[in-house]
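Novice: So the protein lines, in turn, are chains A and B.
If you number the first sequence the way the working numbering does, the last residue is 246 and the count never jumps.
If you number the second sequence the way the working numbering does, the last residue is 246 and the count never jumps.
Be careful, since some hints might not be right.
No distinction is drawn between identical chains; accordingly, a pair holds when it is met within one copy or between any pair of copies.
Stated by the list, open to error - Calculated pairs, SDA-like style, for lysine to any residue (alpha carbon to alpha carbon, straight line, at most 25 Å):
#, residue 1, residue 2
1, Lys161, Lys182
2, Lys144, Gly114
3, Lys129, Lys220
4, Lys202, Ser154
5, Lys100, Pro210
What the hints contain is simulated information worked out from the structure, not anything from laboratory work.
Since the model is a prediction, treat every value here as computed from it, not as a measurement.
Residue strings, one per chain:
Number of protein chains: 2
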Amino acid sequence: MLSKNEVKYIQSLCHKRQRNADEVFVAEGPKLVQELLLAKVDIVQIYGMKHWIEMQQTPSINVTEITETELEKISQLQTPNQVVLIARQQLPANEPEIKNQCILALDGIQDPGNLGTILRIADWFGIKQVVCSLDCVDFYNSKVVQSTMGSISRVACWYKNLHKWLAGIEVPVYGALLNGKNVYNVEKIKEGVLVIGNEAKGIRSDILPFITYPVTIPKNGGAESLNAAIATGIILSHLVRENSQ
Amino acid sequence: MLSKNEVKYIQSLCHKRQRNADEVFVAEGPKLVQELLLAKVDIVQIYGMKHWIEMQQTPSINVTEITETELEKISQLQTPNQVVLIARQQLPANEPEIKNQCILALDGIQDPGNLGTILRIADWFGIKQVVCSLDCVDFYNSKVVQSTMGSISRVACWYKNLHKWLAGIEVPVYGALLNGKNVYNVEKIKEGVLVIGNEAKGIRSDILPFITYPVTIPKNGGAESLNAAIATGIILSHLVRENSQ
Numbered sequence: 002m003l004s005k006n007e008v009k010y011i012q013s014l015c016h017k018r019q020r021n022a023d024e025v026f027v028a029e030g031p032k033l034v035q036e037l038l039l040a041k042v043d044i045v046q047i048y049g050m051k052h053w054i055e056m057q058q059t060p061s062i063n064v065t066e067i068t069e070t071e072l073e074k075i076s077q078l079q080t081p082n083q084v085v086l087i088a089r090q091q092l093p094a095n096e097p098e099i100k101n102q103c104i105l106a107l108d109g110i111q112d113p114g115n116l117g118t119i120l121r122i123a124d125w126f127g128i129k130q131v132v133c134s135l136d137c138v139d140f141y142n143s144k145v146v147q148s149t150m151g152s153i154s155r156v157a158c159w160y161k162n163l164h165k166w167l168a169g170i171e172v173p174v175y176g177a178l179l180n181g182k183n184v185y186n187v188e189k190i191k192e193g194v195l196v197i198g199n200e201a202k203g204i205r206s207d208i209l210p211f212i213t214y215p216v217t218i219p220k221n222g223g224a225e226s227l228n229a230a231i232a233t234g235i236i237l238s239h240l241v242r243e244n245s246q
Numbered sequence: 002m003l004s005k006n007e008v009k010y011i012q013s014l015c016h017k018r019q020r021n022a023d024e025v026f027v028a029e030g031p032k033l034v035q036e037l038l039l040a041k042v043d044i045v046q047i048y049g050m051k052h053w054i055e056m057q058q059t060p061s062i063n064v065t066e067i068t069e070t071e072l073e074k075i076s077q078l079q080t081p082n083q084v085v086l087i088a089r090q091q092l093p094a095n096e097p098e099i100k101n102q103c104i105l106a107l108d109g110i111q112d113p114g115n116l117g118t119i120l121r122i123a124d125w126f127g128i129k130q131v132v133c134s135l136d137c138v139d140f141y142n143s144k145v146v147q148s149t150m151g152s153i154s155r156v157a158c159w160y161k162n163l164h165k166w167l168a169g170i171e172v173p174v175y176g177a178l179l180n181g182k183n184v185y186n187v188e189k190i191k192e193g194v195l196v197i198g199n200e201a202k203g204i205r206s207d208i209l210p211f212i213t214y215p216v217t218i219p220k221n222g223g224a225e226s227l228n229a230a231i232a233t234g235i236i237l238s239h240l241v242r243e244n245s246q
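Just need the whole structure built from these sequences, with the hints factored in.
Specialist: Right under this line is the structure:
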């Protein structure tokens with residue numbers, strides 16, 4: 002049985018300020034929670050319905066059994082799904098590793114579903130480091146967490162003044178632009194940064210001077226643009242594919 | 002001033018049955034409505050706020066001025082945006098054209114955002130025909146319409162028993178699978194069908210026998226899968242790119 006204060010506290014974790022103050026995040030549903038348990042995230046508390054708890058082969062620590070009504074109160078999902086996990090945020094190292102790495106840099110990605118999907122794509126292509134501009138949506142926003150489908154435990158994310166950060170590194174910087182080089186003709190990369198811009202406005206003008214290799218996905222039809230996550234997926238599949246089997 | 006009945010009617014268009022009975026669909030917001038007007042969709046009625054109407058360089062037919070309160074009542078968006086368009090559905094020809102065409106076939110795509118994004122990707126790559134299984138989300142669902150960003154006017158869509166349809170055509174059939182040929186090594190195509198499966202379950206077992214060319218996006222990291230729209234974008238960028246400049 003959850004106390005009123007517990008319910009209030011869990012609900013308050015939909016706010017970035019509260020999440021960051023306590024350095025925690027929330028993940029929901031059996032599949033995602035299972036992935037995060039396997040990835041050995043640092044569990045603060047698990048709130049599971051009886052059925053979910055009974056299905057666990059290895060009992061987890063800090064599990065509280067809750068009723069469906071309690072789940073509905075604490076869940077941030079439209080369709081609450083058996084279990085809510087509160088886990089510690091994984092704070093990344095001070096600075097991303099630049100050498101021999103492909104890094105994604107996101108300039109003002111606003112939509113949580115887009116950020117989550119981009120992290121999942123990065124994870125698919127073996128990219129382990131993402132640098133976000135300070136105005137990107139929060140990495141631990143619950144919609145981001147849910148749409149990473151578990152990749153959140155495998156990708157490290159920094160929030161930085163992108164201008165300053167790009168000014169301080171010395172690797173090739175690729176950028177998804179509408180008037181760049183045909184991405185099909187760009188050589189595969191082993192080291193570098195790929196900048197993806199805001200969903201509506203693209204890459205900001207103060208970031209453009211850092212882009213040494215503008216790349217474009219050629220189009221053959223009428224659509225004005227591609228979604229930021231789709232563009233990320235397509236460009237990575239051409240730029241970093243030599244790393245794949 | 003809208004009558005109660007008008008408001009009720011527009012609201013009822015969130016239901017597929019009502020949309021299909023009247024062969025209409027709803028699109029919202031200045032950008033999308035502008036695209037559809039340029040594409041010369043068959044306008045039934047436009048409900049616009051004063052400000053939107055005054056901004057139009059070419060006055061449209063059948064425009065009703067509405068207040069913000071009225072817009073909030075008839076809009077299906079979380080953030081209503083100046084204008085709501087009701088237009089006639091564009092009914093496609095009896096059968097898709099198979100010869101010298103690349104066609105997308107969708108097997109049980111459920112999420113309206115995914116279908117909309119897939120249509121936008123198809124449009125980007127110059128694919129003008131999409132065949133959906135009967136259980137795919139409705140093409141004219143308002144979330145589909147909104148997320149196509151206007152591509153809905155340039156891509157024709159059929160709902161068919163996919164099994165029967167595939168049994169009756171004689172072109173190469175590609176399918177996005179986890180154990181297919183590396184998509185980076187597949188030759189570009191000028192004619193054929195690409196089958197994309199359901200978000201969670203992939204391509205159904207009764208469709209698999211029709212797939213003559215299973216293709217896979219090689220992975221190099223931990224993510225278990227890619228979103229269906231992302232996979233569509235990546236595969237098309239490798240399969241049909243020779244059509245692009």
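Novice: Confirm or reject each hint.
Specialist: Here is what the structure says about each hint:
1. Taking the shortest Cα distances, Lys161 and Lys182 never come within 25 Å of each other, neither inside one copy (27 Å) nor across copies (40 Å).
2. Proximity of Lys144 to Gly114 under the C-alpha cut-off of 25 Å is found in both arrangements, the shortest distances being 6 Å within a copy and 15 Å between copies.
3. Proximity of Lys129 and Lys220 under a CA criterion of 25 Å is satisfied inter-copy only: 13 Å between copies versus 29 Å inside one chain copy.
4. Taking the shortest Cα distances, Lys202 and Ser154 sit within 25 Å of each other only across copies (23 Å), while inside one copy they are farther apart (29 Å).
5. In the homo-oligomer, the alpha carbons of Lys100 and Pro210 lie at most 25 Å apart inside one protomer (21 Å), although the nearest pairing across protomers, at 46 Å, exceeds that limit.
Of the numbered hints listed earlier, the single one contradicted by the structure is hint 1.
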